[in-house]
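Colleague: Residue numbers (the numbering used here), protein chains in the order written: chain A, 107 to 312; chain B, 107 to 308.
Treat the hints with caution; some may be incorrect.
Pairs of lysine-lysine residues, derived as BS3-like cross-links and limited to a Cα-Cα distance of at most 27 Å, are as follows [to be verified]:
#  : chain 1 : residue 1 : chain 2 : residue 2
1  : B       : Lys173    : B       : Lys254
2  : B       : Lys297    : A       : Lys136
3  : A       : Lys299    : A       : Lys136
4  : A       : Lys299    : B       : Lys299
5  : B       : Lys186    : B       : Lys173
6  : B       : Lys267    : B       : Lys257
7  : B       : Lys173    : B       : Lys257
8  : B       : Lys245    : B       : Lys186
9  : A       : Lys136    : B       : Lys302
10 : A       : Lys135    : A       : Lys299
11 : B       : Lys245    : B       : Lys257
12 : B       : Lys186    : B       : Lys257
13 : A       : Lys136    : B       : Lys299
14 : B       : Lys297    : A       : Lys135
15 : A       : Lys135    : B       : Lys173
16 : B       : Lys186    : B       : Lys254
17 : B       : Lys267    : B       : Lys254
18 : B       : Lys267    : B       : Lys173
19 : A       : Lys271    : B       : Lys173
20 : A       : Lys135    : B       : Lys299
Some but not every residue of chain B turned toward chain A, in silico, with C-beta under 7 Å [said to hold, decoys possible]:
#  : residue
21 : Gly278
22 : Tyr281
23 : Phe283
24 : Gly289
25 : Arg293
Please keep in mind that the hints were generated in silico from the structure rather than gathered at the bench.
Remember, it's a predicted structure, so these values are computed and weren't measured experimentally.
Using N, Cα and C, we set each Cβ at its ideal position, and we do this for glycine too.
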Amino acid sequence: MHIVDGALSVPVLVTGAVLTIAGVAMGLKKMDYDHLPQVGVLSAAFFIASYIHLPIGFSSVHLILNGLIGLALGWAAFPALLVALFLQAVFFGFGGFVVLGVNTLNIALPAVMMYYLCRHGVSSSSANVAAIWGAIGGAGAIVMTTLMVALSLMLSGEAFALAAKATFIAHIPVMIIEGFVTAAAVLLIRQVKPEFLGIDEERAYG
Amino acid sequence: MANVRYFLAIIMTTLALNAGAHNVIGGVYAIGSTIEGEIGFSNGDMAPEGTEVIVFDHLGNELGRVKTDADGLFAFDASKRVEHFFYANLSSGHVVEMSLPADQLPASLAGDDAQAGSVKQSEYAASTNTDSIDQTQLKSMIEAAVAKQVKPLRQELTAYKEKAGLQDVIGGIGYIFGLCGLGIWWRQRQKDKQDKSDAAIS
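All chains should be modelled from the sequences, with the hints used to inform the complete structure.
Modeller: Here you go:
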């Protein structure tokens, strides 16, 4: 998921940076500042998730969690992910500073998409329906991210079909795991802290 | 049942390809005039067999292309004593660039300062004419032996440099919470100011 410095062409880097700045501005504007601790906790969760490699068979995967972050934060996913990606570049050497904009866009935009797509689903009165939408959000964010990574690579000269296939196939296990994790997280949050998903208000009205 | 097996088969094959968001790491070492290198991911997986490595000199001229073997290793025979750059693209945005400084290559190779090198070489040959062959043989043997001994150390060092420890993890979390604290503090100040001005108005 983290594209490294040197893989992308300059126009792609600039476009990514500009769109990320726009997204972060939007996030800061729309963010409910009473939820700032929540933004921080999810940012920290993302920061750690990429570091913990879960061994599966003879390889390993790590969670990305951008679906969950999108569902919980909406547009605030942009600043949260930017900070986490920056610190990952500083501490772990994941990605790089020049590609920070593109990486943030590739991970945060799918998060926002899932927010709009699944927001109503996860606040459904039926727990099963909510879990299914949570799973869609978790897996869907990864699908979108792989497509955006492939698009970034294509615009920098790599063949889209090839890049998309390689990235997509490599992330199928992540999609499956992420779907389960997000569904479980949605169920848990609904039980203990429904306002995290913005359910609270709708319930009160409904 | 057949479906489940099919599904598992897909998962197993995809796992083999899985590169995730691991860093690409690699190292190059000179053994005599042969440059050996390896490319892998920070989680210990090696580069897939047949990954193309493009070799450049310090001016950006392509010197050649080599392919990695099953263990992610490759070898390139240097013909010039110049700085060598190695570039490999492992797809999905994983690229790696490595360089080998000229001074790690044996002086017997013609470099940019080829004349100086050859003069030295002829002096050397003149002074030790009788056993010069043994000397060069011995030299290359020593080089090979030292390279063999040093190789695991270099690999370990590369892996160590890529490794992030608990300090990094805790440091990063600390930064995030610190930023949140700053945000909350700033927010609180804004609120206080507003309250004060509200109070002043009423």
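Colleague: For every hint, state whether the structure bears it out.
Modeller: Here's how the hints hold up against the structure:
For a cut-off of 27 Å, the pair hint linking Lys173(B) to Lys254(B) stands: about 21 Å separates their Cα positions. A distance of roughly 17 Å separates the Cα atoms of Lys297(B) and Lys136(A); the hinted pair therefore holds under the 27 Å criterion. Pair hint Lys299(A) plus Lys136(A) holds up; C-alpha atoms about 21 Å apart against a cutoff of 27 Å. In summary, the hint linking Lys299(A) to Lys299(B) is not supported, as the alpha carbons are separated by about 31 Å, beyond the 27 Å threshold.
A threshold of 27 Å between alpha carbons decides the hint, and for Lys186(B) with Lys173(B) the separation of about 20 Å falls inside it, so the pair holds. Annotation: proposed proximity of Lys267(B) to Lys257(B) holds, straight-line Cα distance about 15 Å (limit 27 Å). The hinted pair formed by Lys173(B) and Lys257(B) meets the criterion: a straight-line CA distance of about 20 Å does not exceed 27 Å. For the given pair, Lys245(B) sits about 19 Å from Lys186(B) by alpha-carbon distance, which is consistent with the 27 Å threshold.
The suggested pairing of Lys136(A) with Lys302(B) holds, with an alpha-carbon distance near 25 Å, which does not exceed 27 Å. A hinted pair counts as satisfied when its Cα atoms are at most 27 Å apart, and Lys135(A) with Lys299(A) qualifies at roughly 24 Å. Pair hint Lys245(B) plus Lys257(B) holds up; C-alpha atoms about 18 Å apart against a cutoff of 27 Å. Only pairs whose Cα atoms come within 27 Å are accepted, and Lys186(B) paired with Lys257(B) is accepted, the gap being roughly 23 Å.
Using a Cα cut-off of 27 Å, the hinted pair Lys136(A) and Lys299(B) holds, with the two alpha carbons roughly 21 Å apart. At most 27 Å may separate the alpha-carbon atoms for a hinted pair to count; Lys297(B) and Lys135(A) meet this at roughly 16 Å. Between Lys135(A) and Lys173(B) the CA atoms are separated by roughly 51 Å; this puts the pair beyond 27 Å, and the hint is violated. The straight-line distance between the Cα atoms of Lys186(B) and Lys254(B) is roughly 22 Å, inside the 27 Å bound, and the hint therefore holds.
The hinted pair formed by Lys267(B) and Lys254(B) meets the criterion: a straight-line CA distance of about 21 Å does not exceed 27 Å. Using a Cα cut-off of 27 Å, the hinted pair Lys267(B) and Lys173(B) holds, with the two alpha carbons roughly 25 Å apart. Distance restraint check for Lys271(A) and Lys173(B): the Cα-Cα separation of roughly 22 Å lies within the 27 Å cut-off, and the hinted pair is therefore satisfied. Distance check on the hinted pair: Lys135(A) and Lys299(B) sit about 20 Å apart at the alpha-carbon level, within 27 Å; holds.
Checking Gly278(B) against chain A: minimum C-beta separation of about 4 Å stays under 7 Å; hint holds. Interface hint at Tyr281(B): satisfied, since its Cβ lies 6 Å from the closest Cβ of chain A, which is below the 7 Å cut-off. Satisfaction of the interface hint for Phe283(B) is found here, the shortest Cβ-Cβ separation to chain A being roughly 6 Å, below the 7 Å cut-off. Here the hint on Gly289(B) is kept, as its CB sits about 5 Å from the closest CB of chain A, short of 7 Å.
The interface hint given for Arg293(B) is met, as the beta carbon of that residue sits about 5 Å from the closest beta carbon of chain A, less than 7 Å.
In this structure, the earlier hints numbered 4 and 15 are contradicted, and the remaining ones agree with it.
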